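Go by the hints and put chain B onto chain A.
There are 2 protein chains.
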Amino acid sequence: MSIQAIAFDAYGTLFDVYSIGELAEKLFPQRGAALAELWRDKQIEYTRLRTMCATYKPFWEVTQDALVFSCKKLGLDLTLDAQNSLMGQYAKLKAFPENLGVLQDLQGMGLKMAILSNGNPQMLEAVVDANGMHGIFNHILSVDAVKKYKTAPEAYQLAPDVFGLSAKNILFVSSNCWDACGATWFGYTTFWVNRANAPLEELGVTPDATGRDMTALLEYVRQSREAK
Amino acid sequence: MSIQAIAFDAYGTLFDVYSIGELAEKLFPQRGAALAELWRDKQIEYTRLRTMCATYKPFWEVTQDALVFSCKKLGLDLTLDAQNSLMGQYAKLKAFPENLGVLQDLQGMGLKMAILSNGNPQMLEAVVDANGMHGIFNHILSVDAVKKYKTAPEAYQLAPDVFGLSAKNILFVSSNCWDACGATWFGYTTFWVNRANAPLEELGVTPDATGRDMTALLEYVRQSREAK
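These protein sequences, in sequence, are chains A and B. Just so you know, my numbering puts the end of the first sequence at 239, numbered straight through with nothing missing. Just so you know, my numbering puts the end of the second sequence at 239, numbered straight through with nothing missing.
Isolated chain A, as found in the complex (with noise of 0.2 Å):
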C-alpha cells in the first residue's frame, strides 16, 4: 500500500464536538447528556434518510431539524436563544489537543490532505478558520458538491476525484466507525480512531488500521511508508 494522501473526517474526527454536550449542560441542567447523544443520532439519522429518498438539504439545516426533534422528544423548551447557542457552536469547536502537530508532521512529510466531511462548505470554512488549519488542507471537501451524504459512494468518490488517486492510495482517516466502514466499503485504506474504545460495528468489514487518537495516526502512516 502506497499512501499518497489523507481524507480527514471532521466533527468528532479532528474537531471535538464534546463541548456541544458541556454546553447542552448548561441549558439543561442534567439531560445534556441525552440531549447531546439523541442530537447526534438524530442528526446522522437524518442524513441517512435523506439520502436514501434523495431530499438533500444542507448540514447546517439537518443539524437544526434535529435539535428541535430532540428537545421535543426529551420534552426540553429549546428557546431561540439557546437553540442559536448550540448551533454556534459548531462553528468554533477545537480540535483535539494532538490534531495541530500531526497535521503538521503529515504536511512535512509531503502528503496531500483534505477534509471530506458532511458539513456544508460555511460551517467548515468557519470551524478551520477557528482552528488556523487553512494552511494544512489542500482542499476543503462537502458532500454538499454531490447532494448525497456518507456513506454514499458518489460523497466518498469526492477524494479520489480531486486528487487524481484510487481510493486505495489514499488514507481515510474518522473517529466514527461506521464512516471508517463506509469508507472500506467503499476502497479507501482506512484508519479509525478510535478515541472512545468502542467496539467495531458488525458490518462484515474492518478498517485497515485502528488507534486511539491522531498520534497513533502518524506513527500508522510513518510505518506504512517505511515498509514501502
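By construction, these hints were calculated from the structure, which means they are not laboratory data. Values in this document were obtained by computation on a predicted structure and should not be read as measured data. A few of these clues could be false.
Heads up, the list lumps identical chains together, so a pair's fine if it works in one copy or across two of them.
What the hints assert, rightly or not - In silico DSSO-like cross-links for lysine-lysine, where the CA-CA straight-line distance does not exceed 27 Å:
#, residue 1, residue 2
1, Lys-83, Lys-179
2, Lys-158, Lys-68
3, Lys-179, Lys-68
4, Lys-103, Lys-123
5, Lys-84, Lys-179
6, Lys-105, Lys-123
Okay, now just chain B, sitting in the frame of chain A:
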C-alpha cells in the same frame, strides 16, 4: 383520494415487538430496556448503511449482527442460547390485540392488503403463520426482492408494482415515523400509527393521517371512503 389497497409495515405496526424487551430483561436483568433499544437502533442503522453502500444482507442476519454489537457495546455476555432465544422471538411476535379484527373489517370492505417489510421472506412467513393471518394478505412483500431496505424508493415500489396501482391510491401504514415519512416522500397516501405518542420527525414532511392504533386507521379508511 381513493384508497384501493393498503400496505402495512410489519414489525412494530402489525406485530408487537414489546416481548423482545421483556425477554431481554429476563436474560439481562436491569439491562433489558437498554439492550432492546440499542438493538433496534443498530438493526435499522445497519439496514441503512447496507442500502447506501449496496452491501445488502437479509434482515435476519442484520438483526443478528445488531444484537451481537449491542451486547458488546453494553458489556453483556451473549451466550448462543440467549442469542437464539432473542432471535427466535422475532418468529413468534404477537399481533397487537386490535389488529386481527381491524384487518378483517378492512378485508370485508373489499380492500386489497399487503405487508411491505424489511424482514426477509422466511421471517415474515413465520410471524404471519404464528398469528393465523394468511387469509388476510394478498401479498407478503419483502425488500429482499430488491436488496435495498426502506426508505429506498426501490423498496417502496414493490406495492404499486404488485397491486398495479399508483402509490397515491395505496394507503401505507407504519408505526415507525421515519417509515411513514419515507413513504410520503415516495408518493403513498400514508397513515402513521403513533402508538407511543412520539413527536413527528423533523423531516419537512407529514404523513397524511395519524392515529393512536389500528382502530383509528379503520375509522380513517371508513371516513375516506364515505367522503369520495
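A quick look at each hint next to the structure:
1. In this assembly of identical chains, Lys-83 and Lys-179 lie within 27 Å of each other by CA distance neither inside one copy nor across copies; the values are 43 Å within and 30 Å between.
2. In this homomeric assembly, Lys-158 and Lys-68 come within 27 Å of each other (Cα to Cα) both inside a single copy, at 8 Å, and across copies, at 26 Å.
3. In this assembly of identical chains, the alpha carbons of Lys-179 and Lys-68 lie at most 27 Å apart only when taken from different copies (25 Å versus 30 Å within one copy).
4. In this homomeric assembly, Lys-103 and Lys-123 come within 27 Å of each other (Cα to Cα) only inside a single copy, at 25 Å, whereas the closest approach across copies is 55 Å.
5. When the C-alpha separation of Lys-84 and Lys-179 is checked against a cutoff of 27 Å, the pair qualifies neither within a copy, at 42 Å, nor between copies, at 30 Å.
6. Taking identical chains as interchangeable, the C-alpha atoms of Lys-105 and Lys-123 lie at most 27 Å apart only when both belong to the same chain, with a minimum of 22 Å there against 57 Å between chains.
Violated hints, listed in ascending order, are 1 and 5; each of the other numbered hints is respected by the structure.
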